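If you want the building blocks of each chain, they are given just below.
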Amino acid sequence: MNVVRNAQAGTLESSDALVIVAPGKPGSGLHIEINSIVEEQFGDQIRRVVEETIDRLGIRDVRITIQDRGALDYCLRARLEAALNRASVVD
Amino acid sequence: MEGIRFRSVSLSGRDGERVRLFLEANGLKLEPRLDYTLVVELDGEIIATGSLAGPVLKCLATDPNHQGQGLMEKLVTRLLEEEYYRGNWHVFLYTRPANLEIFRSLGFREVARVRDRVVFFESGPESIADFVSALREKRRMVGGKVSSVVVNCNPFTRGHQYLIERAAAESDWVHVFVVTEDLSMFPFAVRYKLVQRGTAHIPNITVHAGGQYIISQNTFPSYFTRDPNEQVEDHALLDVAIFGQYVVPALGITDRYVGQEPYCPVTSVYNRVMQQELPRYGVTVHEVPRLEVEGEAISASRVRQALRDGDCEELTKLLPSTTLNFLRSEEAQPIIHKIKESSAPH
Numbered sequence: 000m001n002v003v004r005n006a007q008a009g010t011l012e013s014s015d016a017l018v019i020v021a022p023g024k025p026g027s028g029l030h031i032e033i034n035s036i037v038e039e040q041f042g043d044q045i046r047r048v049v050e051e052t053i054d055r056l057g058i059r060d061v062r063i064t065i066q067d068r069g070a071l072d073y074c075l076r077a078r079l080e081a082a083l084n085r086a087s088v089v090d
Numbered sequence: 000m001e002g003i004r005f006r007s008v009s010l011s012g013r014d015g016e017r018v019r020l021f022l023e024a025n026g027l028k029l030e031p032r033l034d035y036t037l038v039v040e041l042d043g044e045i046i047a048t049g050s051l052a053g054p055v056l057k058c059l060a061t062d063p064n065h066q067g068q069g070l071m072e073k074l075v076t077r078l079l080e081e082e083y084y085r086g087n088w089h090v091f092l093y094t095r096p097a098n099l100e101i102f103r104s105l106g107f108r109e110v111a112r113v114r115d116r117v118v119f120f121e122s123g124p125e126s127i128a129d130f131v132s133a134l135r136e137k138r139r140m141v142g143g144k145v146s147s148v149v150v151n152c153n154p155f156t157r158g159h160q161y162l163i164e165r166a167a168a169e170s171d172w173v174h175v176f177v178v179t180e181d182l183s184m185f186p187f188a189v190r191y192k193l194v195q196r197g198t199a200h201i202p203n204i205t206v207h208a209g210g211q212y213i214i215s216q217n218t219f220p221s222y223f224t225r226d227p228n229e230q231v232e233d234h235a236l237l238d239v240a241i242f243g244q245y246v247v248p249a250l251g252i253t254d255r256y257v258g259q260e261p262y263c264p265v266t267s268v269y270n271r272v273m274q275q276e277l278p279r280y281g282v283t284v285h286e287v288p289r290l291e292v293e294g295e296a297i298s299a300s301r302v303r304q305a306l307r308d309g310d311c312e313e314l315t316k317l318l319p320s321t322t323l324n325f326l327r328s329e330e331a332q333p334i335i336h337k338i339k340e341s342s343a344p345h
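Chains A and B are the protein sequences, given in the same order. Last residue of the first sequence: 90 (numbering that gives the first Met the number 0), numbering continuous. Last residue of the second sequence: 345 (numbering that gives the first Met the number 0), numbering continuous.
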């Protein structure tokens with residue numbers, strides 16, 4: 000999968016997350032910005048979910064911005080996958 | 000949250016008046032030139048509202064009796080969705096410092112602030128850090144006198160050329176920023192090209208696009224409306240704060256050259272604010288008297304008037320050959336036609 004345009008999924012309401020993905024320059028790798036109300040406790044866990052998802056979908060150069068409002072892992076994963084699907088063309 | 004309804008409204012008509020009254024009750028003004036307005040109503044009464052003007056979220060307010068219910072989060076989500084739908088992924092917002100925490104928790108990052116009155120935020124994948132790192136790549140010297148000039152050039156006149164030549168003669172390097180916003184008679188691509196052509200003979204110069212942060216519609220909306228109101232000073236302070244905090248260190252700027260402003264009240268406020276604020280960032284401001292022709296300062300508005308009048312003789316006095324040549328080209332004709340039909344200051 001290849002991210003070719005900007006896309007978003009999710010909301011800023013509590014227990015949700017707003018995910019924005021944008022294409023990265025070739026070779027720039029994964030660029031994650033996480034802003035979370037529970038960053039101290041769950042920042043690493045959120046990062047892990049993002050890295051796993053990116054790996055699984057075989058995406059390389061992408062910028063991901065996450066506004067987390069306390070979303071559970073599966074919610075975050077769903078939002079992220081939805082945004083990536085909207086942003087991508089399948090090779 | 001029973002009975003709560005989100006609705007986009009048109010500001011012409013009764014809803015416009017209701018939004019204006021609601022904002023005023025919450026210490027805000029209904030600003031001109033809004034493209035989209037949402038209201039949140041409870042049993043028909045407005046309890047929150049927010050608007051868009053290009054990529055900027057504006058006129059956001061929640062009734063104090065309904066705060067802490069997640070209304071602002073819902074409202075901002077919807078406004079952001081509308082921005083994304085319109086293709087604006089880099090979104091800006093002004094707010095009072097009292098609202099700082101709420102917008103931070105919604106993912107907005109502080110760019111700059113004006114005293115204790117206004118905080119300027121941005122959100123989205125792109126940020127001012129990208130702008131700064133792009134600028135750093137264009138840094139030309141370490142040490143020495145590095146000057147800067149910010150120009151709109153609608154169009155490029157002998158006055159602009161004189162100001163830039165003078166800065167170049169007195170400096171080791173000059174960075175010229177051309178205002179990017181496409182709100183002038185001459186589109187950005189043309190203004191930029193004319194600055195490049197008219198300064199091609201200067202060896203120690205870099206011409207930049209001003210971009211999103213140097214006199215843009217986001218940071219300095221009143222520059223384009225030319226309404227001399229109380230916001231002008233805040234906008235000017237914000238523009239200068241961004242310049243001082245980000246542009247100055249990225250390029251190692253030591254001096255800024257500006258043309259004296261005899262006519263426009265907005266620009267003269269801007270010049271005064273620069274004189275007052277830029278020295279804090281180690282920048283010396285040089286206000287250069289305008290180049291005069293026949294006892295009258297050269298200005299782009301004088302050029303546009305001459306274009307309206309079809310006064311070729313006057314144009315030859317005001318413009319360098321590079322701009323004159325452009326005006327004779329095919330590409331210039333629709334622009335000249337548009338100027339003839341308008342009397343706007345821009």
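Source of the hints: derived by calculation from the structure; they are not laboratory data. Hints are not guaranteed to be accurate.
To be verified - Heads up, simulated DSS-like pairs for lysine-lysine below, C-alpha to C-alpha not over 30 Å straight-line:
1) B/K337 to B/K192
2) B/K192 to A/K24
3) A/K24 to B/K137
4) B/K316 to B/K192
5) B/K339 to B/K192
6) B/K137 to B/K73
Unchecked claim - If you want the footprint, here are the derived chain B segments under chain A, 3+ residues with CB under 8 Å:
7) 63-73
8) 253-265
What the hints assert, rightly or not - DEER-style ranges, computed between Cβ atoms:
9) A/E51 to B/R116: 58 to 64 Å
10) B/E286 to A/E50: 50 to 56 Å
11) B/E109 to A/Q44: 23 to 29 Å
12) B/S104 to A/R46: 30 to 36 Å
13) B/A199 to A/V3: 48 to 54 Å
14) A/E50 to B/A168: 51 to 57 Å
All of these numbers come straight from a predicted model, not from anything done at the bench. Ideal placement from N, C-alpha and C gives every residue a C-beta, glycine not left out.
Hints, one by one, checked against the model:
1. Taking the CA atoms of B/K337 and B/K192, the gap is near 19 Å; set against the 30 Å cutoff, the hint holds.
2. For the hint pairing B/K192 with A/K24, the CA-to-CA distance comes to about 27 Å; that is within 30 Å, so the pair holds.
3. With a CA separation close to 19 Å, the supplied pair A/K24 and B/K137 stays within the 30 Å bound.
4. Using a Cα cut-off of 30 Å, the hinted pair B/K316 and B/K192 holds, with the two alpha carbons roughly 21 Å apart.
5. For the hint linking B/K339 to B/K192, the alpha-carbon distance of about 22 Å falls within 30 Å, and the restraint holds.
6. For the given pair, B/K137 sits about 41 Å from B/K73 by alpha-carbon distance, which is inconsistent with the 30 Å threshold.
7. For the region 63-73 of chain B, the stated coverage by chain A holds: 3 residues have a C-beta nearer than 8 Å to a C-beta of that chain, and at least 3 were required.
8. Residues of the region 253-265 of chain B lying with their CB closer than 8 Å to a CB of chain A number 0, which falls below the three-residue condition for coverage.
9. With their beta carbons about 45 Å apart, A/E51 and B/R116 fall outside the hinted range of 58 to 64 Å.
10. Roughly 54 Å separates the CB atoms of B/E286 and A/E50, a value that falls within the hinted 50 to 56 Å.
11. Checked against the hint of 23 to 29 Å, the pair B/E109 and A/Q44 passes, with Cβ atoms roughly 26 Å apart.
12. For the hinted restraint 30 to 36 Å between B/S104 and A/R46, the CB-CB distance of approximately 19 Å leaves it violated.
13. Take B/A199 and A/V3: their Cβ atoms lie about 37 Å apart, and the range 48 to 54 Å is violated.
14. At about 55 Å, the CB distance of A/E50 to B/A168 agrees with the hint of 51 to 57 Å.
Violated hints for the displayed structure, listed by number in ascending order: 6, 8, 9, 12, 13.
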